[in-house]
Amino acid sequence: MVDIDIYGLGIGLVLMLIPLFFLYKLRTGLVHSTLSATIRMIIQLWLIGLYLQFLFLSDVWWVNLIWGLIMTFVATGTAIQRTRLKLQYMGIPLLVSFLSTALIISIYFIGLVLGSSEMKIFEQTFTSTEFLSYLFSARYFIPIFGLLLGNMLGVNVLALSTYFEGIRREQQMYRYLLGNGATRWEATQPFMRKAAIKAFNPCIANMAVMGLVAMPGTMIGQILGGSDPSQAIKYQMMIVVITFVASMLSLMLTIFLAQKQCFDNMGLLKNVIAEKVDNK
Amino acid sequence: MSFNIRIMLQLKDVTIKYGEKTVINHLSLDVDRGQLVCICGESGCGKTSLLNAIMGFVAFEGEILIDGIQVSHTNIDSIRRMIAYVPQELALPQETVKEMIYLPFSLKANHQKDYSDEKVLKEWEFLNLDRSILEKRTTEISGGQRQRVMLSVAGLLHKKLILVDEPTSALDPESAQLVLRYFRHLIDSENVTIVVASHHKAIIDNSDQVVEIKTLNF
Chain A
1 MVDIDIYGLG
11 IGLVLMLIPL
21 FFLYKLRTGL
31 VHSTLSATIR
41 MIIQLWLIGL
51 YLQFLFLSDV
61 WWVNLIWGLI
71 MTFVATGTAI
81 QRTRLKLQYM
91 GIPLLVSFLS
101 TALIISIYFI
111 GLVLGSSEMK
121 IFEQTFTSTE
131 FLSYLFSARY
141 FIPIFGLLLG
151 NMLGVNVLAL
161 STYFEGIRRE
171 QQMYRYLLGN
181 GATRWEATQP
191 FMRKAAIKAF
201 NPCIANMAVM
211 GLVAMPGTMI
221 GQILGGSDPS
231 QAIKYQMMIV
241 VITFVASMLS
251 LMLTIFLAQK
261 QCFDNMGLLK
271 NVIAEKVDNK
Chain B
1 MSFNIRIMLQ
11 LKDVTIKYGE
21 KTVINHLSLD
31 VDRGQLVCIC
41 GESGCGKTSL
51 LNAIMGFVAF
61 EGEILIDGIQ
71 VSHTNIDSIR
81 RMIAYVPQEL
91 ALPQETVKEM
101 IYLPFSLKAN
111 HQKDYSDEKV
121 LKEWEFLNLD
131 RSILEKRTTE
141 ISGGQRQRVM
151 LSVAGLLHKK
161 LILVDEPTSA
171 LDPESAQLVL
181 RYFRHLIDSE
191 NVTIVVASHH
201 KAIIDNSDQV
211 VEIKTLNF
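Chains as they are written, first to last, in my numbering: chain A, 1 to 280; chain B, 1 to 218.
Just so you know, these hints were derived from the structure itself, not from any lab.
All of these numbers come straight from a predicted model, not from anything done at the bench.
Just to be clear, a hint being listed does not mean it is correct.
As the list claims (entries may be wrong) - Residues from chain A that face chain B, not an exhaustive set, calculated with beta carbons under 7 Å: (1) 181; (2) 186; (3) 266.
What the hints assert, rightly or not - Calculated cross-link-like contacts (lysine-lysine; reagent style DSS-like; alpha-carbon spacing at most 30 Å): (4) 98(B) / 194(A); (5) 21(B) / 86(A); (6) 86(A) / 194(A); (7) 98(B) / 136(B); (8) 194(A) / 136(B); (9) 270(A) / 12(B); (10) 98(B) / 113(B); (11) 17(B) / 160(B); (12) 270(A) / 108(B).
Glycine included, every Cβ here is placed at the ideal spot set by N, Cα and C.
Modelling step: build the complete structure from the supplied sequences, incorporating the hints.
Now the structure itself:
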């Protein structure tokens, strides 16, 4: 694959002037935040690149696992910040749900899907260290874990905001259900349904047009990297499946774990959403 | 603890506060089975708060007992299973009136309750609702019709206690009379107890017991 040198990167970044121009002309007030986000992206990716290089060179399974844990903490913090849900109520549910789901799905995919072809796990025997080194290898674990976290984060942010805002806004409806004999689980069902529809509709729509309208990132990356398109397609297919499953699983787990934390013993929603702070 | 079997709802020295503000101050009340009770008072005096306390939606001091069971977090689910609740002007997300009626029957607590269009229409005869409403969208019916539909749902749930918040707020005097007649029908046929928060004169005049709540200024 052709390496993009510093001049090439500069030429590529010049393209950002086009959206910046329109954001300025439309007086959106987003020019400053777009500029700072771009600069942050460059610095963060650079630093992560350096760190990943170190990880890939050392490739110690438990170091990779610790890196996964750090990524999970960052994802939890980002989810808290973007949903405006209070850390004291949602911190633990999000952290547990993100970590357990990403681990389970990563291990399933790397161990069983990739492992059946590459390691012949059903035919050979390994020592536990060999198997752990394979499962948590930097080459597979870091990108798969990161990919799952990214997708889970997006879905959870959208769904949890819809869910909790819905219960707060439509309190009368929630109380109507409780007041007519609904269990707490039953009373939250309409809000869970709405949240799931809102969060998964874009994923489903994207899946339906994949390859025709939307060219998936993983597949493009692999093809640009010199892989055979037929191999890239199989990877893409699996990536779509595991991200979809992980997103759903993590959302259900987060909501389940949050039930006890976020509702009082009479079934009413606690004050879980932080009020908006106006910076102006 | 002694409990009179005749009593359906009992409030013992109930106080409701929102922070420093007291809305209900040391209220005691016995409501017999088959009674129609009106909680009246000016807007914001605490009528709805009292209904909310009975359902465990609002914290209170004192004791509230429904059919001898104390309202507390340990038995709030069984308390709520005994109640049918009709809030004031509820905006349900259901698209059709039929879906709106069906909603509480879909709950596990009400699975054994018999529900059919025929039964709904029979209740509607008391409330002067036309059968065509059943097929309409919720946005196509008036506030008054919606209130009467919700009341018929509460009747069809066959609960021991019905709590109704401002049932006549969107009704003309004639429809308010229909609602009163429907309450009496439910009491006569099922010995249900009905507690209504309302300042409507007709309801006050026709209730078996009237509880007036005064706005507290401390």
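Cross-check of the supplied hints:
The closest approach between the C-beta of residue 181(A) and any C-beta of chain B is roughly 3 Å, which is under the 7 Å cut-off, so the hint is satisfied. A least Cβ separation of about 5 Å between residue 186(A) and chain B falls short of the 7 Å threshold, and the interface hint therefore holds. For residue 266(A), the interface hint holds, since its Cβ comes within 7 Å of a Cβ in chain B; the closest pair sits about 4 Å apart. This hinted pair checks out: residue 98(B) and residue 194(A) have alpha carbons roughly 20 Å apart, not beyond 30 Å.
Note on residue 21(B) and residue 86(A): the hinted pairing holds, with a Cα-Cα distance of about 27 Å set against a maximum of 30 Å. For a cut-off of 30 Å, the pair hint linking residue 86(A) to residue 194(A) stands: about 21 Å separates their Cα positions. Between residue 98(B) and residue 136(B) the alpha-carbon distance is near 8 Å, which keeps this suggested pair within the 30 Å criterion. Straight-line distance between C-alpha atoms of residue 194(A) and residue 136(B) comes to about 23 Å, which keeps the hinted pair within the 30 Å bound.
Between residue 270(A) and residue 12(B), the direct Cα distance comes to roughly 27 Å. Compliance with the 30 Å bound is thereby established for this hinted pair. At most 30 Å may separate the alpha-carbon atoms for a hinted pair to count; residue 98(B) and residue 113(B) meet this at roughly 16 Å. About 28 Å separates the Cα atoms of residue 17(B) and residue 160(B), which keeps this hinted pair within 30 Å; it holds. Our distance criterion of 30 Å between C-alpha atoms is met by residue 270(A) and residue 108(B), whose separation comes to about 25 Å.
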